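Asker: For reference, the chains in residue letters:
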Amino acid sequence: MEKYPLIKIKDGEKFFYRFTHNQRIQHIILAVSVVVLVLTGMPLKFHDAAWAPYLYALFGGIHYAPVIHKVFGAILVALFAYHVVYLTYVIHKFSILPLKKKEGLTTMKVLKAIATQPLVPNLKDAKDIGQLMKYLFYVTNVRPRGDNFTWKEKFDYWAPFWGMLIIGGTGLIMWNKELATMIMPGELLNFSIIAHSDEALLAALFLFIWHWYNVHFSISVFPMGTVFITGYMSEELMSEEHYDHYVKIMTEAGLEHEILPPHGGQEDESTEEGGASS
Amino acid sequence: MKALPRASRLIALFCFSVFLLISFTFTPSYAADVGNCLLCHKYPGISRVDEEGKLRLFYVNESIFSNSVHAKVKCEGCHTDIKKIPHDVAKKVDCLVECHIIEPSSEKKFSHKDVKEFLGKSVHGPIDKEGKEKKYIEDYPTCKDCHDNPLYRPLSFFKKVRPGISEASLGRCRVCHKKEEFIYRFYNHVTTRLHKSRNPLNIAEVCARCHDNPEIVARHEMSTKAVFSYGETFHGKAARFLDERVPDCLDCHISKGESVHQMLPKEDPASSIHADNKGKICTNIDCHPSASPKLAKYSVHAEFNLKQSPAQYFFTVFFIILTGGTLLPLMFIILLDIIRRFFPNATIGRRK
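Residue numbers (the numbering used here), protein chains in the order written: chain H, 1 to 278; chain U, 1 to 352.
Chain H extracted, bound-state conformation (with noise of 0.2 angstroms):
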């Protein structure tokens, strides 16, 4: 915790450690095979489209995209099941373990714990969600108070977590067509095919409208967010996304006196509608 302080202070500004180096290295393979599948893959599901054989023959065409499609698959899948394994150590070192040092288990306790991981959904998201509504629609000028990981994050996190265990399954079958269908009929060749490229379309189109708005084309971090790289977040985006935690970290380490208020100086409004900001 030496290398990477909660709290990073640059050029008098401060920053928010949010994700660790594995995390960030995790992120970027995701990121890459991801965009790389959908290239190589999207050509196929809509084969009739224009541009799809230009697109394909970047990628060897016929002989070529599929072997690259199967090599970033493999990737994923492979990343995939490190991913479950790492959270399943993370909650185990940092949430069962000291559970059983303090108090011991039950059943209970340890569902409870998993229950309460930080991406786990909760009824602090639908208060957020509700309170976004409101601000969005003018019912208040007051923007919901983010915590550590807001429902936009968890919405992030379980839309692939969901969506790899549907495209990888599926995918793993088709590639593997032979076998799949000793044990199964082989209409299930079919709804795989669907649910594959169904799915894969969702998934594309949920990350580069939803995910890239949030983390690349929204005017507070265009053009890009830089968290995914560095793993600390600026002050300005942390008071305005996850106000809650960054009022819990401030306060922890000791700078109550310097916490900001919320989204940027909503009290000094007068300014701010004649056009000038800072």
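Simulated from the structure, these hints should not be mistaken for lab results.
Heads up, some of the hints might be wrong.
Pairs of lysine to aspartate or glutamate, EDC-like flavour, derived with a Cα cap of 20 angstroms [to be verified]:
no.: 1; chain 1: U; residue 1: Lys297; chain 2: H; residue 2: Glu187
no.: 2; chain 1: H; residue 1: Lys45; chain 2: U; residue 2: Glu303
no.: 3; chain 1: U; residue 1: Lys294; chain 2: H; residue 2: Glu178
no.: 4; chain 1: U; residue 1: Lys278; chain 2: H; residue 2: Asp48
no.: 5; chain 1: H; residue 1: Lys134; chain 2: U; residue 2: Asp337
no.: 6; chain 1: U; residue 1: Lys266; chain 2: H; residue 2: Glu187
no.: 7; chain 1: U; residue 1: Lys225; chain 2: H; residue 2: Glu178
no.: 8; chain 1: U; residue 1: Lys294; chain 2: H; residue 2: Glu187
no.: 9; chain 1: H; residue 1: Lys45; chain 2: U; residue 2: Asp243
no.: 10; chain 1: U; residue 1: Lys297; chain 2: U; residue 2: Asp251
no.: 11; chain 1: U; residue 1: Lys280; chain 2: H; residue 2: Glu187
no.: 12; chain 1: U; residue 1: Lys280; chain 2: H; residue 2: Glu178
Restraint-style ranges between C-beta atoms, simulated for each label pair [claimed, not checked]:
no.: 13; chain 1: H; residue 1: Ile28; chain 2: U; residue 2: His220; range: 52 to 58 angstroms
no.: 14; chain 1: U; residue 1: Val317; chain 2: H; residue 2: Val120; range: 27 to 33 angstroms
no.: 15; chain 1: H; residue 1: Lys102; chain 2: U; residue 2: Ser290; range: 50 to 56 angstroms
Note that the structure is predicted; figures quoted are calculated from it, not measured.
All residues carry an ideal CB built from backbone N, CA and C; glycine is no exception.
Could you slot chain U onto chain H? The hints should help.
Answerer: Relative to chain H, chain U alone:
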């Protein structure tokens, strides 16, 4: 059509005369045709408007024709009604005539007549088992509905198998065979026939002329627009990207070792796609030899419509709803968020 002005007509006539003059003067003659038909038919403009008002082109491109499988057949071999030059309106070619070629294994005059017999017994034959004409007899294919004059498509086999002519192999032919023209033709003939003369996409396109025609599909109560549904499978998509390794219509619908003209309906126990034989299609040595016969239960011609394949239809609809249900609300939030950022502190409620 509006008549051209007089001056334009004169200019056009002049250009055409110059073109003719140049053509006659400088075009070298390759004429291998005994009847000298190319004397006229070598001109790209040779055409006429027939009785139905259709423009018909009669140009024969000699270099293309001499690379086709019929290059050795004299024009009169197929156009049997033409006896003199200039000739009258020629009849349509009948592919079943005996042409002048001697078939070397039987030393009889060559003809495609046997094909008619094969076709007659197949699902594409116009006469049913009781000897009666089938319904909509005009829909049943004849030779030229599927065939044109195919070009040679030789394979080179020396160190590798690839398209084209292997000069290294030809060198070995020359040891015994002296006539260059014979060597090329024999090589082309044999190696062209060792594989398909058309790629899977071309084959599918031929079948699609009838099997994707909604009227014909409805008239003959076929269960699918066959090439459309094939196009939705990986095989069909790969064919679209010009993969030659994937199966086309003929690979599954013809039993190994038979002519494509012997295609049988799926109810016929001898048909390759009969329920009892279907398993063997996929597990054949060139395709998925390690698969179980269950692989053939894959529905190749599923169309994602409620009537033909309801389970798949509902499965697809589920994903459409899932996609719409996920993305539309999120996109709506993005839109609201973009607008909201112009007025970050505006509210109709109590300002906090």
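Asker: Indicate, hint by hint, whether the structure satisfies it.
Answerer: Status of the hints after comparison with the structure:
no.: 1; hint: U:Lys297 with H:Glu187; in the structure: holds (6 angstroms)
no.: 2; hint: H:Lys45 with U:Glu303; in the structure: holds (15 angstroms)
no.: 3; hint: U:Lys294 with H:Glu178; in the structure: holds (9 angstroms)
no.: 4; hint: U:Lys278 with H:Asp48; in the structure: violated (29 angstroms)
no.: 5; hint: H:Lys134 with U:Asp337; in the structure: holds (12 angstroms)
no.: 6; hint: U:Lys266 with H:Glu187; in the structure: holds (19 angstroms)
no.: 7; hint: U:Lys225 with H:Glu178; in the structure: violated (27 angstroms)
no.: 8; hint: U:Lys294 with H:Glu187; in the structure: holds (9 angstroms)
no.: 9; hint: H:Lys45 with U:Asp243; in the structure: holds (16 angstroms)
no.: 10; hint: U:Lys297 with U:Asp251; in the structure: holds (16 angstroms)
no.: 11; hint: U:Lys280 with H:Glu187; in the structure: holds (17 angstroms)
no.: 12; hint: U:Lys280 with H:Glu178; in the structure: holds (13 angstroms)
no.: 13; hint: H:Ile28 with U:His220: 52 to 58 angstroms; in the structure: holds (56 angstroms)
no.: 14; hint: U:Val317 with H:Val120: 27 to 33 angstroms; in the structure: holds (31 angstroms)
no.: 15; hint: H:Lys102 with U:Ser290: 50 to 56 angstroms; in the structure: holds (55 angstroms)
The structure fails to meet hints 4 and 7 from the earlier list, while all remaining hints are met.
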